[in-house]
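*Asks:* Chain by chain, the residues:
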Amino acid sequence: MRIKVQKAPFDLGGEVNAFTARQNNMGAVVTFTGIVRDLEAGRLEAMEIEHYPGMTEKALGQIARDATDRWSLGDVLIIHRFGRLTPQDMIMMVATSAPHRADAFQAADFLMDYLKSRAPFWKKEVTDAGADWVEARQADEAALDRWG
Amino acid sequence: MRIKVQKAPFDLGGEVNAFTARQNNMGAVVTFTGIVRDLEAGRLEAMEIEHYPGMTEKALGQIARDATDRWSLGDVLIIHRFGRLTPQDMIMMVATSAPHRADAFQAADFLMDYLKSRAPFWKKEVTDAGADWVEARQADEAALDRWG
Amino acid sequence: MDVLYFAWVRERIGEPREHVETGARTVRELVEELRGREDRYAAAFADLDALRVAVDQELADFDAPLKNVREVAFFPPMTGG
Amino acid sequence: MDVLYFAWVRERIGEPREHVETGARTVRELVEELRGREDRYAAAFADLDALRVAVDQELADFDAPLKNVREVAFFPPMTGG
Numbered sequence: 000m001r002i003k004v005q006k007a008p009f010d011l012g013g014e015v016n017a018f019t020a021r022q023n024n025m026g027a028v029v030t031f032t033g034i035v036r037d038l039e040a041g042r043l044e045a046m047e048i049e050h051y052p053g054m055t056e057k058a059l060g061q062i063a064r065d066a067t068d069r070w071s072l073g074d075v076l077i078i079h080r081f082g083r084l085t086p087q088d089m090i091m092m093v094a095t096s097a098p099h100r101a102d103a104f105q106a107a108d109f110l111m112d113y114l115k116s117r118a119p120f121w122k123k124e125v126t127d128a129g130a131d132w133v134e135a136r137q138a139d140e141a142a143l144d145r146w147g
Numbered sequence: 000m001r002i003k004v005q006k007a008p009f010d011l012g013g014e015v016n017a018f019t020a021r022q023n024n025m026g027a028v029v030t031f032t033g034i035v036r037d038l039e040a041g042r043l044e045a046m047e048i049e050h051y052p053g054m055t056e057k058a059l060g061q062i063a064r065d066a067t068d069r070w071s072l073g074d075v076l077i078i079h080r081f082g083r084l085t086p087q088d089m090i091m092m093v094a095t096s097a098p099h100r101a102d103a104f105q106a107a108d109f110l111m112d113y114l115k116s117r118a119p120f121w122k123k124e125v126t127d128a129g130a131d132w133v134e135a136r137q138a139d140e141a142a143l144d145r146w147g
Numbered sequence: 000m001d002v003l004y005f006a007w008v009r010e011r012i013g014e015p016r017e018h019v020e021t022g023a024r025t026v027r028e029l030v031e032e033l034r035g036r037e038d039r040y041a042a043a044f045a046d047l048d049a050l051r052v053a054v055d056q057e058l059a060d061f062d063a064p065l066k067n068v069r070e071v072a073f074f075p076p077m078t079g080g
Numbered sequence: 000m001d002v003l004y005f006a007w008v009r010e011r012i013g014e015p016r017e018h019v020e021t022g023a024r025t026v027r028e029l030v031e032e033l034r035g036r037e038d039r040y041a042a043a044f045a046d047l048d049a050l051r052v053a054v055d056q057e058l059a060d061f062d063a064p065l066k067n068v069r070e071v072a073f074f075p076p077m078t079g080g
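Order-wise, the sequence lines are chains A, B, C and D.
Using numbering that gives the first Met the number 0, the first residue of the first sequence is number 0, and each one after it goes up by one.
Using numbering that gives the first Met the number 0, the first residue of the second sequence is number 0, and each one after it goes up by one.
Using numbering that gives the first Met the number 0, the first residue of the third sequence is number 0, and each one after it goes up by one.
Using numbering that gives the first Met the number 0, the first residue of the fourth sequence is number 0, and each one after it goes up by one.
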């Protein structure tokens, strides 16, 4: 299990290759990568991500352990950036490995749902008209109910 | 949409980086990679994959189009190998991109379910005791019902 | 028309493809005709539930018509992914 | 104890953290005490439904006890991923 919280960009391809090479007899690897989207009007200057150093690592570790307890997994990787990002920048990624595909898929989906609403990150959108904190979506909170 | 059916290995990291770089304003990229697992007893010498040249490309293209019709996607990539593979070799990968994560996840999951049962590939396991064709699992066929 | 065989069907028939001149109107009639030829065909086509068929490279069923068809393939359930 | 603020809570309070000497027994009592101090606190804590709290870096609720606690943090619902 690896958790990285960092300001620097990460190399998605390098990370997934290294993750996969570390696995032993896992039949399935799933990755999810989140990327900064521009706003509808195409005027996002930056997305600023704030986090809670200390708690962030603990919360991500707990989410990863919950996934490992729940599904038959080989390994979990979570990388999440903070700081100032611009459209097309990668924000975060997760990777899961498992003997069978359903476990790898469900665990990655679960990690994303919990990352959205239970990891202490906050996003601010900066445009030429000002800056606004992104509001948590009801749907993201509701998505947690899927996992009982 | 890209479909590759090939004997040669592929570079998962290079493929996902190239795929992601081609996207325009997609917030989510999901990948699935299938890897040859050893048998319980640890004596798999090889997995031989046969396919139906011509039909394979058509079937994979149709599955990718079905996914694109069904979810709001940016792009789909499918790579599937044939020939003689050994444990830890990557068999295949899919990648999906979408504005939002649920679409990317569901489409990748859907692609895998259809690839398993509707793309003309057949696997043979070779051990020192002989060679056996892998039988299709009832559960894989049943998984298609999830998609209505 | 060309008739193709894959996986254990190919192994039982003993070849991957052959050209067949036939008046069969459906896949099922073609199967009956082949079954009557030699034991290896009877062995390959013993249990149709264990077989899948593609007509001109599209999955089909055993009642599919063969008019203007160029290629029929027989194989076990697929195991991709 | 240390009290930390994130996102718009930090912006309304005007600083990311401060040291607070308090006899508050629960998070809710701490909030009441802070609200009474200055307008900026009253503004930040106007609607508790819009706030989340962590006690010693674990999510908690407003009735959580503060005995032996070193760090309390207030912030809006999280938007990771």
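The hints are simulated quantities; they were obtained by calculation from the structure and are not laboratory data.
There may be inaccurate statements among the hints.
Here are the simulated DSSO-like pairs of lysine-lysine, each with C-alpha atoms no more than 30 Å apart in a straight line [as the list claims (entries may be wrong)]:
| # | chain 1 | residue 1 | chain 2 | residue 2 |
| --- | --- | --- | --- | --- |
| 1 | B | K123 | B | K57 |
| 2 | D | K66 | A | K6 |
| 3 | B | K123 | B | K3 |
| 4 | A | K6 | A | K57 |
| 5 | B | K6 | B | K123 |
| 6 | B | K57 | C | K66 |
Simulated coverage check for chain C against chain B, where a stretch passes if three residues somewhere in it have a Cβ under 8 Å from a Cβ of chain B [said to hold, decoys possible]:
| # | segment |
| --- | --- |
| 7 | 0 to 8 |
| 8 | 24 to 31 |
| 9 | 36 to 48 |
Only part of the chain D face toward chain A is listed, based on derived beta-carbon distances under 8 Å [what the hints assert, rightly or not]:
| # | residue |
| --- | --- |
| 10 | Y4 |
| 11 | A41 |
| 12 | Q56 |
| 13 | A59 |
| 14 | F61 |
| 15 | A63 |
| 16 | P64 |
| 17 | P76 |
| 18 | M77 |
| 19 | G80 |
Idealized CB from N, CA, C, for every residue including glycine.
*Asks:* If any of the earlier hints don't hold here, list their numbers in rising order.
*Replies:* Checked against the structure, the hints that fail are numbers 2, 8, 9, 10, 11, 13, 14, 15, 16, while the rest are satisfied.
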